[in-house]
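S.K.: Here is how the chains run, residue by residue.
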Amino acid sequence: MYRGREGQWAFYLHRISGLGILVFLILHILNIGSAMWGPEVSNRLMKFYHQPVFQLGLLLLVAGVIYHGLNGLRIILMDFTRFGVRYQRQLWYGVWGLFVLLYAPFVIKILGGILAH
Amino acid sequence: MAIKSRRFEEARLEASSNLELFWWVFMRVSGVVLVFLLLGHMWMNAILTDLNTIDYDYVAKRLSQTTWKLYDWLILALGLLHGANGLRYVLDDWVRDPAKRFWTKVVAYGLIGFLFVYGSLSLFNHDFGVR
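Respectively, the protein sequence lines represent chains A and B. Under numbering that gives the first Met the number 0, the very last position in the first sequence is 116; numbers go up by exactly one each time. Under numbering that gives the first Met the number 0, the very last position in the second sequence is 130; numbers go up by exactly one each time.
Hint data in this document are derived by calculation from the structure and do not stem from the laboratory. It is possible that part of the hints are untrue.
Simulated crosslink set (BS3-like; lysine-lysine; CA at most 27 Å straight-line) [what the hints assert, rightly or not]: (1) Lys-68(B) / Lys-3(B); (2) Lys-68(B) / Lys-46(A); (3) Lys-68(B) / Lys-108(A); (4) Lys-60(B) / Lys-46(A); (5) Lys-46(A) / Lys-108(A); (6) Lys-108(A) / Lys-60(B); (7) Lys-3(B) / Lys-104(B).
The task is simple: from the sequences and hints, build the whole structure.
M.R.: The following block contains the structure:
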């Protein structure tokens, strides 16, 4: 399908980010669902996840979600348009352009929060 | 077998079954919906809210409203299905031994099923006690 270069990177990153998001989703559901055991249990668990190391992980997760989502839209363009496959490399750079735009607010807010803590 | 084609017409020809073609289409449709649901979800909880202040009361207040219950449940259901099918593609590629692949899938689908029930219960069957 792809022979090296950008397309191959796009594919690997899509898989890795997808698996990473799935692992997070599991932890996230268990964490939020703990509300069923009442405020004490829930708050203790959430406090645990408020440690800076998890905030850094969250920053990585947000990057993964934004990349996976935008690259997914690129895949859809490749599937359903005439030009998609021909311009897949240019589209990939477009993904990174949009990525920087969408990711910047999260970096400022979350990294700012970690540093202020 | 997972579909490797890059065009819908080709995917339709390559699909080993109608179910496989359904999953191929589902990944695209759910993907588009999830991009917007998750951008909204992350923007609300990480940009508009200070992450470090999120606690039981914040979650309870949000989940006492039906709109947010449905919003979050849509993410839960679509996210788990999209993730489960993506994991299936990965396992089909990476786990070559049929017996190992079968049991890995049993464990993975079991976990996904449990999370769906658990998440749905906390969304719809738990009284957060906020009016």
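S.K.: Each hint: holds or not?
M.R.: To see whether the hints hold, each was checked on the structure:
1. Lys-68(B) / Lys-3(B): Not satisfied, since the Cα-Cα distance of roughly 36 Å exceeds 27 Å.
2. Lys-68(B) / Lys-46(A): 23 Å, holds
3. Lys-68(B) / Lys-108(A): 26 Å, holds
4. Lys-60(B) / Lys-46(A): Given pair Lys-60(B), Lys-46(A) holds - Cα atoms ~18 Å apart, limit 27 Å.
5. Lys-46(A) / Lys-108(A): 19 Å, holds
6. Lys-108(A) / Lys-60(B): Distance ~23 Å between Lys-108(A) and Lys-60(B) Cα, so the pair holds.
7. Lys-3(B) / Lys-104(B): Roughly 20 Å between the alpha carbons, so the hint for Lys-3(B) and Lys-104(B) holds.
The structure is inconsistent with hint 1 alone, although it conforms to all the rest.
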